[in-house]
Amino acid sequence: MKKREPKKRYVLPGDFITTAPLRLQNNVVLEGKRIISTTIGLSDISDDSARVISLTGGYMPKIDDLVIGTITSVSGNSWFADINSCYQGMLLGQDVFGRGSYPTATEMRERLDKGDIVFAKIANFDRQREPLISIADKNLGRIDSGELVRISPTRIPRLIGKRGSMIQMIEASTHATLTVGQNGLVVVSCEETNGLLKALAAIRMVDEQAHLVDLTDRVKKMLENDGV
Amino acid sequence: MGGREANVVLLDENGIRSDGRKVNETRKVTIKAGVLKNANGSAYIEFGGNKILAGVFGPRDVHPKHMSNPDTGILRVRYHMEPFSVGERKKPAPSRREIEISKVIKEALEPAVMLENFPRTAVDVFLEVLQADGGTRCAALDAASVALADAGIPMKDMVCACAAGKAADALILDVNNEEDQAGQADMPIGYMPNLGKITLLQLDGVLTPDEYKKCIELGLEGCKQVYEIQKNALREKYFSSSDNR
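Protein chains in written order, with my numbering: chain Z, 1 to 228; chain H, 1 to 245.
Hints are computed from structural coordinates only; laboratory data are not their basis. Take the hints with a grain of salt, since some may be wrong.
Stated by the list, open to error - Subject to a maximum C-alpha distance of 20 Å in a straight line, what follows is the list of computed PhoX-like cross-link-like pairs (lysine-lysine):
#1 H:Lys197 <-> Z:Lys33
#2 H:Lys231 <-> H:Lys32
#3 H:Lys231 <-> Z:Lys8
#4 H:Lys197 <-> H:Lys224
#5 H:Lys156 <-> H:Lys224
#6 H:Lys22 <-> H:Lys224
#7 H:Lys22 <-> H:Lys231
#8 Z:Lys33 <-> H:Lys237
#9 H:Lys231 <-> H:Lys197
#10 H:Lys51 <-> H:Lys32
#11 H:Lys156 <-> H:Lys231
#12 Z:Lys8 <-> H:Lys103
To be verified - Derived contacts from chain Z toward chain H, CB cut-off under 8 Å, selection only:
#13 Tyr10
#14 Pro13
#15 Gly14
#16 Phe16
#17 Asn27
#18 Thr39
#19 Ile40
#20 Ile53
#21 Gly57
#22 Gly58
#23 Ile63
#24 Asn84
#25 Cys86
#26 Arg127
C-beta atoms are modelled at their ideal positions from N, C-alpha and C, and glycine is treated no differently.
Let the hints inform the model, and build the full structure from the sequences given.
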């Protein structure tokens with residue numbers, strides 16, 4: 001068997017990753033006996049599986065993902081939200097008002113109107129229908145204040161870091177609160193202007209330099225420096 | 001495109017072509033990825049005198065709705081030449097030729113892109129020829145492939161393209177405008193280099209079976225050269241300023 005490559009490697013679509021019989025995870029495809037990459041990213045071979053961590057592309061809804069969406073329309077007894085994906089999120093009225101209730105259009109608008117920002121969970125998603133989102137849970141619902149930042153959805157795992165290390169570091173050193181949606185939208189709220197600017201700079205830095213190995217150190221260094 | 005020049009020397013006695021190239025040499029190719037902010041993916045290519053801009057949008061909602069497919073995403077390509085891209089003003093409406101090229105480029109990209117995971121959506125590729133100098137379909141295909149990769153559309157392989165042909169009784173690589181007008185054959189080839197599959201093959205002109213085989217071999221060599229340039233363009237955008245390899 002071919003010796004496994006220990007390091008993550010930069011790959012482009014069509015690049016050969018390995019011939020080892022591994023389980024296929026994200027962004028790889030099997031052509032004959034060769035596993036090849038389907039996107040631009042970093043190849044990652046673990047004990048029994050191969051995957052490519054993508055560095056580009058949009059957001060694809062996944063059940064239980066937390067997302068930030070903007071309400072685009074109120075129709076019948078549901079809302080439609082732009083969740084920064086090729087599909088629109090559908091939020092049912094009964095999710096907000098309870099089962100068996102028939103809210104009027106005015107009641108619907110009073111609760112959530114066009115342009116409102118919501119923090120929601122993907123409740124259901126399949127190939128047939130638009131993703132169903134839900135705000136019936138703790139911490140979910142309308143977001144009233146904060147700075148909305150849009151970064152590439154592929155950078156979100158990096159922004160959160162291993163077991164939330166990166167986000168904790170940013171929050172601790174800037175006293176800001178970060179609400180992170182898996183779809184690439186982040187709401188930053190902070191009472192101090194300096195902290196807010198610093199947190200925004202840190203997020204921008206993660207967006208631009210997500211492919212670098214020593215990103216955590218770089219962000220730490222930036223946060224420790226005074227001024228932005 | 002430009003009129004036919006009767007007294008142009010396509011190949012001199014030293015085997016040098018009208019623009020100073022050898023028979024197996026491509027024109028200078030430069031590609032830059034990610035040039036447009038508002039597109040999901042984009043690329044700009046200069047292939048000799050050709051200047052082409054490619055923009056990719058999607059996956060996104062399909063309009064008109066009846067075009068959408070519940071089983072898979074669809075790929076749409078528009079190849080368009082600007083009125084100022086050629087010597088004499090070209091009418092901006094899509095011509096018969098542009099519709100054909102849009103179709104062949106779409107069909108050349110389809111084996112590479114994997115849109116099964118994006119049902120009911122469309123990926124739109126817009127190709128604007130800013131300046132034409134022969135071989136625009138190959139150059140446009142090269143740019144489209146880079147722009148699709150830049151947009152993060154899953155692809156089994158990149159698609160690279162280069163033309164081969166025959167002029168002054170010699171087989172030549174990368175046919176330019178004069179050679180296309182006054183030459184004997186022009187064969188654009190689209191190729192997936194890692195999978196080793198040809199996705200575009202057209203032939204305008206007459207070749208013997210032996211010449212045909214040699215012409216394909218020559219064209220594939222050109223494709224491989226272009227592929228390296230495509231890879232470098234993407235590497236420069238995504239992997240530069242890093243120390244990991």
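Each hint, compared with the structure:
1. Note on lysine 197 of chain H and lysine 33 of chain Z: the hinted pairing holds, with a Cα-Cα distance of about 17 Å set against a maximum of 20 Å.
2. With a C-alpha separation of about 10 Å, the suggested pairing of lysine 231 of chain H with lysine 32 of chain H holds against the 20 Å cut-off.
3. With a C-alpha separation of about 18 Å, the suggested pair lysine 231 of chain H and lysine 8 of chain Z falls inside the 20 Å cut-off, and the hint holds.
4. Restraint check: the Cα-Cα separation between lysine 197 of chain H and lysine 224 of chain H comes to about 12 Å, which is no more than 20 Å; the hinted pair holds.
5. For the proposed pair lysine 156 of chain H and lysine 224 of chain H, the alpha carbon gap of about 17 Å is at most 20 Å, so the pair holds.
6. The hinted pair formed by lysine 22 of chain H and lysine 224 of chain H meets the criterion: a straight-line CA distance of about 17 Å does not exceed 20 Å.
7. Only pairs whose Cα atoms come within 20 Å are accepted, and lysine 22 of chain H paired with lysine 231 of chain H is rejected, the gap being roughly 25 Å.
8. Our distance criterion of 20 Å between C-alpha atoms is broken by lysine 33 of chain Z and lysine 237 of chain H, whose separation comes to about 30 Å.
9. Annotation: proposed proximity of lysine 231 of chain H to lysine 197 of chain H holds, straight-line Cα distance about 18 Å (limit 20 Å).
10. Restraint check for lysine 51 of chain H and lysine 32 of chain H: satisfied, since their Cα atoms lie roughly 12 Å apart, inside the 20 Å limit.
11. Taking the CA atoms of lysine 156 of chain H and lysine 231 of chain H, the gap is near 14 Å; set against the 20 Å cutoff, the hint holds.
12. For the proposed pair lysine 8 of chain Z and lysine 103 of chain H, the alpha carbon gap of about 38 Å is over 20 Å, so the pair is violated.
13. For tyrosine 10 of chain Z, the interface hint holds, since its Cβ comes within 8 Å of a Cβ in chain H; the closest pair sits about 5 Å apart.
14. About 4 Å separates the beta-carbon of proline 13 of chain Z from the nearest beta-carbon of chain H, less than 8 Å, and the hint is met.
15. The closest approach between the C-beta of glycine 14 of chain Z and any C-beta of chain H is roughly 3 Å, which is under the 8 Å cut-off, so the hint is satisfied.
16. A hinted interface residue such as phenylalanine 16 of chain Z counts as satisfied when its beta carbon comes closer than 8 Å to some beta carbon of chain H; here the least separation is about 7 Å, so the hint holds.
17. Annotation: interface hint on asparagine 27 of chain Z holds; nearest CB of chain H at approximately 7 Å, less than 8 Å.
18. Hint on threonine 39 of chain Z holds. Least Cβ distance to chain H is approximately 6 Å, under the 8 Å limit.
19. Interface hint status for isoleucine 40 of chain Z: upheld, as the beta-carbon distance to the closest one in chain H is roughly 5 Å, under 8 Å.
20. The beta carbon of isoleucine 53 of chain Z comes no nearer than 12 Å to any beta carbon in chain H, farther than 8 Å, and the hint placing it at the interface is violated.
21. The beta carbon of glycine 57 of chain Z is positioned within 8 Å of a beta carbon in chain H (closest approach about 2 Å), and the interface hint is therefore held.
22. The interface hint given for glycine 58 of chain Z holds, since its Cβ lies 7 Å from the closest Cβ of chain H, which is under the 8 Å cut-off.
23. Restraint check, isoleucine 63 of chain Z versus chain H: the minimum CB separation of about 15 Å is more than 8 Å; hint violated.
24. Interface hint at asparagine 84 of chain Z: violated, since its Cβ lies 12 Å from the closest Cβ of chain H, which is beyond the 8 Å cut-off.
25. Interface restraint check: cysteine 86 of chain Z against chain H, minimum CB-CB distance 4 Å, threshold 8 Å, status holds.
26. Because the beta carbon of arginine 127 of chain Z sits about 5 Å from the nearest beta carbon in chain H, less than 8 Å, this interface hint is met.
Consistency with the previously given hints fails for numbers 7, 8, 12, 20, 23 and 24, ordered from lowest to highest.
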